[in-house]
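Take a look at the letters that make up each chain.
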Amino acid sequence: MLEIQNLRKEYGPLTAVKGLSLTLMPGDIFGFIGSNGAGKTTTIRMLATLLEPTSGTATLNGVDIRTNPMAIRRMIGYMPDFFGLYDDVKVWEYLDFFATIYQVPKDQRQNVIANVLSLTDLTVKRDAFVQSLSRGMQQRLCLARCLVHDPLLLLLDEPASGLDPRARAELKELIAELGRMGKIVIVSSHILPELADFCNTVGIIERGELLAFGSVDQVVRGIHAAHTLEIRLLDGIGAALDFVGKQPHVKAALMVGDFTIRLEFEGDHEAQAAFLASLVMAGHRVIGFREEEANLEDVFLKLTTGAVQ
Amino acid sequence: MAPGAWIRDNLRVYVGNAAAVRDFRTQLRGNRPAWIWTLYLLVLIGFALLFYSSNVETGRISISEAQRRLQLYYQSTTYLLAFLISTIAPALTASAIVSERQRHSLDLIFSAPVSPKYLLVGKLISSYRYVWMLLVLSLPVTASCVVLGGATWSDVLQAYALLSLHGLLFTAIALLFSTVSASVVSAFIWSYLTVLIYLGIVSGFGSASMGLMYLHRTTEAPFSIGLSPFLVARAAGTYMEIGTYHVPNLVLVALYTLFLCRLVLLGAASSMSPAGSRETLALRIQGLIGYGFASFLFACATVGTFNAVRGAFGSGRSSLVWPILGTSFAGWIVFVGLIVPFLTCYSRSAESKFQLDGTFNFRRLFRGTPSGGLPYLFALVTVSGLAAMLGALFGTGDFPPVRFFIILLWGFVLLFGAWSIGRLTSAVSKNLRTARTLHYGGLVIMWLLPLPFLAATGAFFGTGPTVWDAYPLSPVWQWSTHPMRTLALTLFMGITALGITYWAHTIEQQRAPAMRPS
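So the protein sequences, as listed, match chains A and B. Going by my numbering, the first sequence opens with residue 839, and the numbers climb by one from there. Going by my numbering, the second sequence opens with residue 48, and the numbers climb by one from there.
For reference, chain A alone in the conformation it holds in the complex:
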């Protein structure tokens, strides 16, 4: 379990992270959302023990990042937003280097390397030079490097940036698989659709402050208390609009086309069903009724201003 408590980082007059607190459980894939400069990378670097927090702390399975950074490093895999690859080595040599520094026993290294290559689908590239790999393959190699010591927590900073759609889809599948393996995965990104697909927990950060945290559904519901409903009618739009405006739970309604009404509805699904029934019973000829799904992008845009520090 990862527990972050009041984590704070100051650079002189600038506060990069302002008292961040959250808890993640094994199997959680946490999408860390924020604009560039919001504090995502600083937080991840503090968790990776590369930056010393100004105050606050984080514990992974009870081990404190401030008091026992070496023990923490054995439990995490950190993938920064740059590759940091050695061009003049072969793929297996690169992984062997990291397996050695992560103190993987010598007699197990070849097996471990074979396993992570297989997991990241790079087995055929075992003897290739790192510089000969495509960008997507290099990204997968970075992920393979993070896995050589079987970490509990994976810190992935902008893992999909610069990847083509196919490589991005493969990476998403790989991360989802890691979540299923029981690892805690923190993925930072500002490309929201890619996070919503496979993250079961998200946090939105701006100016170092965590503005929202929870499951994707909780975060969306938390921001959008009212649902947006769209009703399509065969005819009689004027009368229907009058009728809709007088119904309970309807906050606002407006005509958006010749035969379409969009309204803000504050009730739950039971109330929605009752509302549809009353509409039909009143003789309005409904040919479409749907709830517009609010997504992370809406929530993000609503919560943040895009300002950086």
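Please note: incorrect hints may appear among the correct ones.
Here are some chain B residues pointing at chain A (derived, C-beta under 7 Å) [stated by the list, open to error]: (1) 65; (2) 69; (3) 73; (4) 151; (5) 152; (6) 154; (7) 155; (8) 158; (9) 160; (10) 161; (11) 164; (12) 321; (13) 395; (14) 396; (15) 399; (16) 512.
If you are wondering where the hints come from, they were derived from the structure by calculation, not from laboratory data. These figures come from a predicted structure and were not determined experimentally. Glycine included, each C-beta is placed from N, C-alpha and C at the ideal position.
Assemble chain B onto chain A, guided by the hints.
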């Protein structure tokens, strides 16, 4: 840490170090290494043939002349090796860490359970192994000197041992600059500059020691003869007298060089570590020990030198021991000035170990934060003074004169003054780099700029009060100055330093509210 764990940890660092293994694979890959070694051997063989053919002649020469020429041939070979070691070791190492930083791979390494020591030792092994390879490759050429009679195997082995020690030191120096530099070019420039200055200083000391050795006509010489790679042929087989013991200079040079290497590597490791790290603690403690040890050895060498002079000329106890020791001690204090900006300067925008945490705090002596800077400078002067007195006492049995204690007091105040300039430059600067640059600039203005103007007065050798008495560094050469004049200078410097410190404090107080985080 339990002894078993300590041994395991160290074995992991020195045996099978991942950084060294990876570099080894890349260093030996392809045809390039074979071509480089071939070229290297061709240069060595070409030089040997050229030198030999220009010195050997057919006809009659005396045996002693032939011996002299063959010895010259051997010495020239060692000069060439010294040159190659001094140029190749920094070249192999200066980019080691800085290129990792530019490639962003340092973060990957330090997010693993790896200490700075592990990485630095790995890089040191990578480069030093290559230096060793070059030394081994040169053996056929030096072996020809033995076969021809210019040297014995013992000479050659001692010279190689000394050369390999110097190679290790130059590798460590380049590694330090590779760690602290922002670019590969600056790492190269600073590495070569430092090696060059070091060679200039130790070659000067070494040549003086060699002169004394020839004067004395024995193999006794101060250990400084072995500090220059260019004098290894002369240093082989010499010894230094410490008290009544004859200690081989090879042993002293090995101790000195290995200790210096350790300090340099600790400096590199400390720069990669947070405040209060084990590396910083070790650097501070061992820096004090090393500085004291160097002062002690220097005092022993000074006494030994004058004993040698006395022996050569048959004169009585030299009255020059304390003047030389006193002025040299003052020189050692000025030398400390080079590191003052690193101990003093701070910045609010820097990482936590360089942020202002007070003015003077003895409890932070070994922590590496700015408030421990002045206590550490005072500790250096104290340890160095005590060690120098002990060394002289050991050799002469004389207690130091009052003037030595006045110079000691001057040393404290000089470094206090240097420290106060650093406080001022930090208070007015936006970042650490600017503060340090201004600090060095301030020291140059205070310590070096007056020299040409004072020299123009022509009063340098005057016995009465002169304008030179107001020069902050005058005790470095003016032992004969009246003690009261040195005391007056010290008092003036102390009051000025207090004023600068107060000024810096006032500026800092004014800046503090504006800099407070929102």
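Now the hints, each set against the structure:
At a threshold of 7 Å, the smallest CB-CB gap from residue 65 of chain B to chain A is about 4 Å, leaving the interface hint in force. Nearest Cβ of chain A to the Cβ of residue 69 of chain B: about 5 Å, under the 7 Å cut. The hint holds. Annotation: residue 73 of chain B was flagged as interfacial toward chain A, and the flag holds, the nearest CB pair being 5 Å apart, inside 7 Å. Because the closest C-beta pair between residue 151 of chain B and chain A is about 4 Å apart, less than 7 Å, the hint holds.
Look at residue 152 of chain B: its Cβ gets to within about 4 Å of chain A, closer than 7 Å, so that hint holds up. Checking residue 154 of chain B against chain A: minimum C-beta separation of about 6 Å stays under 7 Å; hint holds. The beta carbon of residue 155 of chain B is positioned within 7 Å of a beta carbon in chain A (closest approach about 5 Å), and the interface hint is therefore held. Evaluation of the residue 158 of chain B hint against chain A yields a held restraint, the C-beta minimum of about 4 Å falling below 7 Å.
Evaluation of the residue 160 of chain B hint against chain A yields a held restraint, the C-beta minimum of about 4 Å falling below 7 Å. Given hint, residue 161 of chain B at the interface with chain A, holds; its Cβ is 5 Å from that chain's nearest Cβ, closer than 7 Å. Nearest Cβ of chain A to the Cβ of residue 164 of chain B: about 12 Å, over the 7 Å cut. The hint is violated. Checking residue 321 of chain B against chain A by beta carbon gives a least distance of about 5 Å; that is within 7 Å, so the hint holds.
For residue 395 of chain B, the interface hint holds, the least distance from its beta-carbon to any beta-carbon of chain A being 4 Å, beneath 7 Å. Interface restraint check: residue 396 of chain B against chain A, minimum CB-CB distance 4 Å, threshold 7 Å, status holds. Contact between residue 399 of chain B and chain A, as hinted, is supported at the beta carbon level, the nearest pair being about 6 Å apart and thus within 7 Å. Taking 7 Å as the C-beta cut-off, the interface hint given for residue 512 of chain B is violated, the closest approach to chain A being about 49 Å.
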